[in-house]
Each structure stands twice: as structure tokens, then as C-alpha cells.
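Q: The lines below spell out each chain.
2 protein chains.
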Amino acid sequence: MGSAATIAASPSQVQAISLANDGVVLLDQVRLPHELRYIKIMSADEMRHAIVTMVVRGAPAIGIAGAFGVVLSAREHAKAYPDNVPACVLSILVDADLLAQTRPTAVNLQWAINRMKRVMSDFTGDVAETLCKALEQEAQAIFDEDLAMCEAIGRHGKEVVPKSAQILTHCNAGALATAGYGTALGVVRAAFQVDPTIHVYASETRPRLQGARLTTWELQQEGIPVTLIADNMAAWLMKQGQVDMVIVGADRIAKNGDTANKIGTYSLALLARAHNIPFYVAAPSSTIDLSIETGDEIPIETRHADEVAWIHDETICPEGIPCYNPAFDVTPAELITGIITENGLIKTP
Amino acid sequence: MGSAATIAASPSQVQAISLANDGVVLLDQVRLPHELRYIKIMSADEMRHAIVTMVVRGAPAIGIAGAFGVVLSAREHAKAYPDNVPACVLSILVDADLLAQTRPTAVNLQWAINRMKRVMSDFTGDVAETLCKALEQEAQAIFDEDLAMCEAIGRHGKEVVPKSAQILTHCNAGALATAGYGTALGVVRAAFQVDPTIHVYASETRPRLQGARLTTWELQQEGIPVTLIADNMAAWLMKQGQVDMVIVGADRIAKNGDTANKIGTYSLALLARAHNIPFYVAAPSSTIDLSIETGDEIPIETRHADEVAWIHDETICPEGIPCYNPAFDVTPAELITGIITENGLIKTP
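Protein sequence lines correspond, in order, to chains X and F. For the first sequence, position 163 matches number 163 in the numbering used here, and the numbering has no gaps at all. For the second sequence, position 63 matches number 412 in the numbering used here, and the numbering has no gaps at all.
The set of hints was computed from the structure by calculation and includes no laboratory data. Please note that a few of the clues may not be correct.
Claimed, not checked - Pair ranges (Cβ atoms, derived): (1) F/PRO671 to X/LYS163: 41 to 47 Å; (2) F/ASP655 to X/PRO225: 17 to 23 Å; (3) X/ASP313 to F/GLN489: 41 to 47 Å.
Beta carbons: idealized from backbone N, C-alpha and C, even for Gly.
Using the sequences and the hints given, assemble the complete structure.
A: Here is the structure:
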């Protein structure tokens with residue numbers, strides 16, 4: 001991202017990713033909430049770096065980022081091979097596969113890149129520029145569909161939100177994690193529109209603090225009341241009757257409903273069950289991986305120990321202490337009250 | 350503490366608090382692990398400040414700190430009223446009550462100060478200096494007894510530690526939290542001595558990060574293997590079969606066994622139960638408050654929201670976000686496998 005240009009920030013709406021004629025614009029989520037900075041991604045390689053370093057994050061958003069990364073690759077190679085579609089496709093496929101490998105847990109990334117690959121395999125023309133346009137169209141469709149799915153998730157999800165609900169959410173499954181509007185926070189947004197007495201608890205979500213940095217910021221933009229808690233406070237909050245429901249996003253959902261999501265989700269699901277609190281997952285159907293039967297088959301990304309050991313450029317522990325850093329965990333379907341998709345509520349067994 | 354003198358650090362042994370002829374020496378636990386700095390506390394007022402700001406922390410250690418604070422008060426007032434014991438006592442009692450109010454949850458503080466008050470009410474002499482010596486003796490006895498109790502807790506506790514155990518602990522219930530040796534970490538130390546294949550997981554313990562800063566440091570000093578995790582990773586670790594037992598300290602134990610301890614303890618107890626993992630509390634009998642029937646009667650200290658919002662002089666959330674910050678929670682006795690005291694293991698109902 002050394003070459004990524006900084007462009008003017010637009011604080012009026014939360015949009016984390018968009019396709020421009022000369023690149024892909026990303027809201028730099030590593031710098032939030034202290035700095036609202038948009039950067040322009042100019043190549044598939046820069047996009048890979050942005051996904052790995054979590055400049056863009058959230059399962060639906062990295063799906064879109066992957067598709068947009070393929071577009072950047074197509075633009076580059078269409079210039080190199082304007083009349084040689086097979087050569088152009090081969091080059092794009094190399095980039096596409098590298099993009100697909102950036103993060104293993106969220107299935108939306110594979111799903112989006114597979115859609116882009118299908119456009120290439122279906123393409124019968126001999127002008128690379130035309131292929132490029134077709135890929136742009138598909139990528140933009142992935143974006144547009146995601147936004148529409150989030151809004152539909154909000155519509156369905158608000159039906160399960162009780163009056164004046166105290167809603168606990170984890171990590172950020174919001175506009176920042178999607179094309180816009182959000183999944184779990186889409187439900188919050190839709191519920192808030194009809195009932196402004198709801199209140200959100202955001203768990204900070206160590207190690208990367210997406211709850212503290214992103215969810216509070218996103219909700220604050222729209223005046224939705226939110227209180228921050230440390231992750232280890234959720235059980236006590238539940239015990240005091242301060243949580244009416246838990247709602248989280250998802251990175252991958254197996255056929256049986258087992259759900260991989262940000263580390264700490266499984267913990268919240270167990271704690272919600274212990275307190276008889278409904279626990280919902282909100283996700284577009286692109287998150288459901290019908291190729292796997294159970295959560296046991298979901299690869300769990302382990303990230304660098306330094307993410308645990310370092311906060312704000314300072315360590316929290318002595319040098320030489322090993323840290324465990326799984327980025328996700330799997331919540332078994334039996335702990336999930338329901339999965340809210342764009343098609344409605346799926347009650348889990 | 351502006352006037353507190355800095356004295357040379359002695360890294361060869363972990364002792365967080367000691368009574369000297371010219372003050373009380375505290376290892377500054379706010380600065381660990383980055384700086385090993387001892388400060389000298391010169392007055393009861395400085396001691397209050399040290400307790401409130403958590404320069405000294407841990408239920409047994411703040412009991413000792415309270416008693417030592419009373420000694421500092423006695424030394425000061427014995428000089429002012431060398432031949433007027435009643436006037437001296439009245440002045441000391443003011444300081445003693447202020448010290449007792451610094452932190453409401455840990456009962457050891459009240460318990461230690463009550464012992465100091467009893468010395469004053471039992472005193473029949475008319476030389477303030479003699480009273481002062483009697484108070485010094487009592488305070489040192491509290492310290493010495495605590496150390497002996499911790500060693501006894503270790504002896505009893507090691508019997509419940511399985512061979513090559515993976516032990517999860519929360520916060521710091523170690524030498525730093527006591528006169529030395531520790532309660533939960535006393536059990537770890539005693540177990541490690543007979544079985545060097547044990548391994549500890551320390552949960553970081555947001556917001557003040559005592560697990561990350563203190564427990565890892567303390568265990569590292571003695572070469573006891575320890576891995577740091579974020580608080581929200583415990584459930585997933587348990588799910589993978591990586592935790593054989595949980596052991597924590599306590600700030601106050603009600604007559605029925607309900608136990609107040611650092612926020613996040615209740616969460617770990619629920620998660621341990623869900624995975625059929627034994628959950629132990631290790632504490633000296635001074636932590637048991639027979640005056641209350643259940644945990645419902647334990648006052649839970651709420652600390653400043655900034656402890657959640659700020660890490661290392663930078664905020665983790667936007668300005669204006671409210672934070673919830675209970676310093677402790679209560680674990681019901683039915684989730685506790687046993688309470689390890691200096692007298693042996695108490696099985697909870």
C-alpha cells in the first residue's frame with residue numbers, strides 16, 4: 001500500500017469499499033476511529049495486502065474486496081494483452097487465486113472469486129476490454145446484491161428484536177464489514193428505526209478491537225446508543241439481566257448451522273445459553289457453505305502472536321511470552337437460536 | 350505518591366510489599382512488566398493513593414497494604430502525641446477508616462484493618478511509641494501469616510493438579526497479589542515443583558491486563574511455562590481440550606461459597622462447567638466473609654470508564670462512548686469445584 005493514494009474523507013456516510021474508474025477506494029479500518037482515511041488500491045497485489053492487514057475486513061466486505069481485486073487485475077492485464085483473451089485470463093487467474101488465499105475462514109471470499117472465475121470461463125469474446133467490463137459488472141453486482149441482502153436481513157431480523165431491547169454484539173458485523181448497512185448491525189439499524197429505545201452493548205473484541213474501534217464508531221455516526229464492554233464482562237452483564245439478545249455476524253456457516261465467526265463468539269453463545277438469552281447469527285446466504293457438513297471442516301485462521309502481545313505500539317506482556325491467537329471460533333448450531341439471512345429466519349435445530 | 354522515593358530494583362525475588370523502618374516499599378504494579386520499580390510509601394495518605402490506583406493490588410496484598418498503612422499512620426501520630434495514647438489512637442482510626450474505604454470488594458482489607466483496630470482497643474499502655482511497636486508487630490504478623498497461608502494453599506492445592514496439567518488462570522493471584530508465593534499461582538508453583546511438565550494459560554484480564562502484565566511476568570521469572578490468551582479465547586481453548594483445570598484467586602467468599610473475584614471469573618466458571626473442566630478458587634481463610642450468607646451481599650466496585658476506553662495512553666474507541674467497568678463479578682458456589690485454603694480443600698455443594 002506504499003503507493004496507495006490518500007483521498008479526501010467523506011464522513012457523511014459509512015461506506016468501507018467502492019469501485020472507482022481508477023482503483024478501489026477503501027476506508028482504512030486499521031486507523032479507525034482515530035482517523036477517517038480513505039486509500040486507493042491500485043492493483044490486485046495491493047488488495048491482497050489490504051485484506052491480510054485488515055485494512056478491509058468482515059466476511060462480506062472481503063468477498064467484495066476479492067472481486068474488486070480481480071477487476072484491478074483484469075484492468076492491468078487487459079492493457080497488456082488487449083487482443084489475447086486466453087493470456088489475459090491466465091494472468092487474472094493467478095491473481096484471483098492469490099486473492100482467494102489471503103484469509104481462509106470466511107467463505108464469502110472464495111464464493112465471490114468463484115463468481116468472477118465463472119464470468120471468465122463463460123466469456124466467449126476475443127477483446128480483453130470486453131472481458132474486463134464483464135468482470136466489473138459482476139463485481140459491482142456482488143456489491144449491489146450484498147447491500148440489498150443486508151437490508152433484507154435487517155427487515156427480517158428486526159422482527160426478533162424485543163421492544164427496548166438491550167442487544168449485545170461482538171466484533172463488527174456492520175456497514176464497515178459489508179457493502180453497507182451491515183448484517184448484525186443491519187438488524188440493529190432496522191430495529192432502531194422502528195424503536196429508538198433499543199441499546200447496544202459492543203464487546204471490544206480483542207485482539208484487534210473491532211467492537212471498540214469500529215462498532216461503537218459506526219453506531220455513534222447514526223446516534224444509536226452503544227456502551228462498550230471488555231469481552232470478559234459479557235457474562236456478568238447477562239447475569240444482571242442487562243442483555244435481551246445477542247446478535248453476531250458470521251464468516252462461514254456449515255450445512256448443519258455450525259457457525260465460524262470472530263474469536264469470542266462461541267464464548268458468548270455458551271454464556272447466552274447459560275442465561276437463557278436468544279443468540280442470533282445474521283449473514284447473507286453467501287456465507288453458507290453447503291459443501292461442508294459441520295463446523296469441524298471449517299479452517300480456522302491463526303494470526304500472528306503479536307496481535308495479542310501488542311496494543312498501540314507497546315507490548316502488554318514481557319518479551320518472550322508466547323501468545324495464542326486464533327482469529328475465529330466455531331459455535332455449534334445447537335447454541336444458535338436462529339440464523340437471519342436475506343431470505344428470512346432459519347431456526348436451528 | 351509525588352513524594353515517593355524510587356529505590357533500587359531487586360529482580361532476584363518477587364516481593365510486592367514490605368515494611369521498612371522508614372516507610373513501606375511497594376513494587377509498582379502499574380509499571381510492570383516494562384519497568385521493575387520499587388517506590389517507598391511514606392504516609393497512610395500515600396498508601397491510600399497506591400491502593401486506589403492499583404500500584405498495589407490483589408486481595409491479600411491490599412489487606413497487608415492497609416495494615417502497613419495503619420503503621421505509617423501510627424508512626425506519624427506517635428511522634429505528634431508521644432504521651433497521649435487516646436489522641437494518637439483517634440488520629441490513627443481516622444486514617445484506618447479511610448484506608449478501609451479505598452476498595453470495597455476485597456474483604457481482606459477490612460479484615461486486616463479490623464485486626465489493627467483490635468490492637469488499639471486492647472492496648473492499655475500510655476506510651477504511643479509502644480502502641481506503634483504493637484501495631485508494627487501485628488502488621489508484620491499479618492504479612493507473615495499470609496505468606497505461610499499461601500505456602501499451605503500451594504501444598505494442599507497441588508494435590509488436585511493432574512499430571513502435565515494445562516492450567517488456565519485469570520488476573521494475577523500470585524506472589525504480586527499476596528505477601529509472596531501467591532494463592533492460585535501458589536498452587537501452580539507447588540505443582541510445578543513436583544511436575545515441571547505443567548503449563549499455564551494466562552488470560553490477559555482486561556481492562557487492567559493483570560494476566561498479561563503480571564502473571565506472565567511472575568511465572569517467567571521462575572521459568573514456569575505460560576502462554577498468554579485474550580479473555581475471549583478461553584472457551585475455544587477449552588473446546589479443543591487444551592484446559593485441564595481453571596484456578597483463580599478470590600476477593601471475597603460468602604458463607605455459602607459464592608466468590609467475588611476479578612471481572613471475567615464468572616464467565617470462566619460458566620465456560621469451565623460447559624466443558625466439564627474443574628474450576629478451583631484458591632484463597633486464604635481471611636477472604637471468607639462469614640458475616641454474609643451469599644454473594645448477593647458482596648459490594649461490587651465499579652471503576653472509571655477510562656480504564657476500558659484507554660490502553661497505553663490512547664483510546665480504543667471514539668470520544669463520547671460510555672463504557673461499563675465493573676471490577677469484579679460473583680461466581681456462584683455451584684460452579685466452583687472446590688475452594689483451596691490454608692486448611693485444605695473445601696468442596697462446594
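Q: Now, for every hint given, state plainly whether the structure supports it.
A: Comparing the hints with the structure gives:
Checked against the hint of 41 to 47 Å, the C-beta distance between F/PRO671 and X/LYS163 comes to roughly 22 Å, which is inconsistent with it. At about 19 Å, the beta-carbon gap between F/ASP655 and X/PRO225 stays in the expected band of 17 to 23 Å. Evaluation of the 41 to 47 Å hint for X/ASP313 and F/GLN489 yields a pass: the beta carbon distance comes to about 43 Å.
Consistency with the previously given hints fails for number 1 only.
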